[in-house]
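Enquirer: Chains A and B, in that order, give the protein sequences.
Heads up: the first sequence at position 66 corresponds to 66 in the working numbering, and the numbers run straight through without jumps.
Heads up: the second sequence at position 197 corresponds to 197 in the working numbering, and the numbers run straight through without jumps.
Among these hints, one or two may not hold up.
[What the hints assert, rightly or not] These stretches of chain A come out as covered by chain B in the derived footprint (C-beta under 8 Å, 3 or more residues): (1) 67-75; (2) 133-141.
[As the list claims (entries may be wrong)] Derived Cβ-Cβ restraints for the label pairs, each shown as a range: (3) Thr133(A) with Ala129(B): 46 to 56 Å; (4) Glu169(A) with Asp16(B): 43 to 53 Å; (5) Gly75(A) with Val112(B): 41 to 51 Å.
In case anyone wonders, no lab produced these hints; they're calculated from the structure.
Since we're looking at a predicted model, the values are computed, not measured.
Beta carbons: idealized from backbone N, C-alpha and C, even for Gly.
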Amino acid sequence: MEDLLPTTVSEDPVQRRDLILLERAREGDLNAFNDLVVVYQDMLFALVVRMVPDRDQASDAVQEAFFSAFRNLAGFRGGSVKSWLSRIAINAAMDAQRLKKRRPADPYPELEDDTWQPPADASADPVTTSLTTERHRALSAALADITNDQRTAIVLYDVEGYDYAEIAEITGVSIGTVKSRIHRGRLALRALLSDRMDLFRG
Amino acid sequence: MADRTDRTERPEQVDDPALIAAARHALHDEELVAAFAVDGDAADDPARARALIERCQTCREIYADVVSIGSTIRASGTSEAVGLARPAPRDFRLTPLQAARLQPGNALQRAVARLRAGAAMFGRPVGAALATLGLVGLLVGSMGLGQLATGGAPQRESATIAGAATAGPGEASTEPVRGSTSGDFGAQAGASQATDGASSLQSPTVESPKDQGSALSSGTATGIGVSQLLFAGSILLLVAGLALLLAGQRHARAWQRAPERP
Numbered sequence: 001m002e003d004l005l006p007t008t009v010s011e012d013p014v015q016r017r018d019l020i021l022l023e024r025a026r027e028g029d030l031n032a033f034n035d036l037v038v039v040y041q042d043m044l045f046a047l048v049v050r051m052v053p054d055r056d057q058a059s060d061a062v063q064e065a066f067f068s069a070f071r072n073l074a075g076f077r078g079g080s081v082k083s084w085l086s087r088i089a090i091n092a093a094m095d096a097q098r099l100k101k102r103r104p105a106d107p108y109p110e111l112e113d114d115t116w117q118p119p120a121d122a123s124a125d126p127v128t129t130s131l132t133t134e135r136h137r138a139l140s141a142a143l144a145d146i147t148n149d150q151r152t153a154i155v156l157y158d159v160e161g162y163d164y165a166e167i168a169e170i171t172g173v174s175i176g177t178v179k180s181r182i183h184r185g186r187l188a189l190r191a192l193l194s195d196r197m198d199l200f201r202g
Numbered sequence: 001m002a003d004r005t006d007r008t009e010r011p012e013q014v015d016d017p018a019l020i021a022a023a024r025h026a027l028h029d030e031e032l033v034a035a036f037a038v039d040g041d042a043a044d045d046p047a048r049a050r051a052l053i054e055r056c057q058t059c060r061e062i063y064a065d066v067v068s069i070g071s072t073i074r075a076s077g078t079s080e081a082v083g084l085a086r087p088a089p090r091d092f093r094l095t096p097l098q099a100a101r102l103q104p105g106n107a108l109q110r111a112v113a114r115l116r117a118g119a120a121m122f123g124r125p126v127g128a129a130l131a132t133l134g135l136v137g138l139l140v141g142s143m144g145l146g147q148l149a150t151g152g153a154p155q156r157e158s159a160t161i162a163g164a165a166t167a168g169p170g171e172a173s174t175e176p177v178r179g180s181t182s183g184d185f186g187a188q189a190g191a192s193q194a195t196d197g198a199s200s201l202q203s204p205t206v207e208s209p210k211d212q213g214s215a216l217s218s219g220t221a222t223g224i225g226v227s228q229l230l231f232a233g234s235i236l237l238l239v240a241g242l243a244l245l246l247a248g249q250r251h252a253r254a255w256q257r258a259p260e261r262p
């Protein structure tokens, strides 16, 4: 009964749906869990692939995240299912980064990497679209070259909107370290993009 | 001597303003400028950062670049927006086997869960195979029974003819007497046929029609027994196969059902 409390309390329909699915998954309903997977798999892949630029590795990390979520269904303590899954996915991505560090043999593939391309805007004129595409392509290549810690901090802060304290909690470092990673990461990006900065200044 | 003194006393003159600016900037804290670009007034020492940006051209450029890089990163969209526009390259749903493997509990519970998951997963193909076997069995069984039921007499007849045909010419002369006493005309006809065309055939033993009849009737009984067994087995296979097929179908339907996206 206590476990069902978040289900009845939540007023957000999406969150209520998630909690109902999670509750059913906890009771052993695999289809309910798979419904949650279908709802969040695209979002989690988009998150993880920015932290782990190798798409295959990112896929494996997302799969691992869902395995971990399924294993730890009992560990969910209420709140947002989306945030809970995101945190698990971020941890899986950081594990994948560590694995990559240990086996750096195959470099990140740069071809057809649209990870950082914003969703297409049909109303934009071709020149703007082309400039945006080029800018994000350069940014994507530079982001793949900074350290994993800096990239993770930048993704979580600038893209996902976590605050310093949350990032510190997720990554297991102090707030000062998080700030330093973000600031140094941006400086590193500037250094990597030095010959293409005119794309960003315009 | 005086020349050398002049050279040592004269201070070195640097005229290049860019070089002077670079030398000055080398002492500036770039991270502080970047922090100010990211956090604004919430940065650690905003007053110093602002002063650096006002006085140093390079610091000003760093500030502007860091701000524009940050806004470009943010413009790439949250993972939620990107996820809606670009689906993941594969389906991450868990299979029943994976779920069974991940299920918490002791080894026995996991093994049972894995078996159940396996049965659910392979139910469809195995069920289809069993049902097919059952149908084939029924078909073969019914054909055999039909032959035994409707074609028993002609079979016996032909068997008798064949038996007589294997008899030698010498033995054939005695056959009519025996045949007439038993009243089996087929044997006579067989004997006459044997004298006509089977002179080259040799057979060491020939059973009497009575013996042949009893052998055939016992063979028919065995045939019926086998057919009944085949029938029963086939029906069992068919039922089991259909049950598995239905269970697998239900599992597959649940598996393929895709929920609505938010």
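Enquirer: What are the numbers of the hints the structure violates, in ascending order?
Expert: 5
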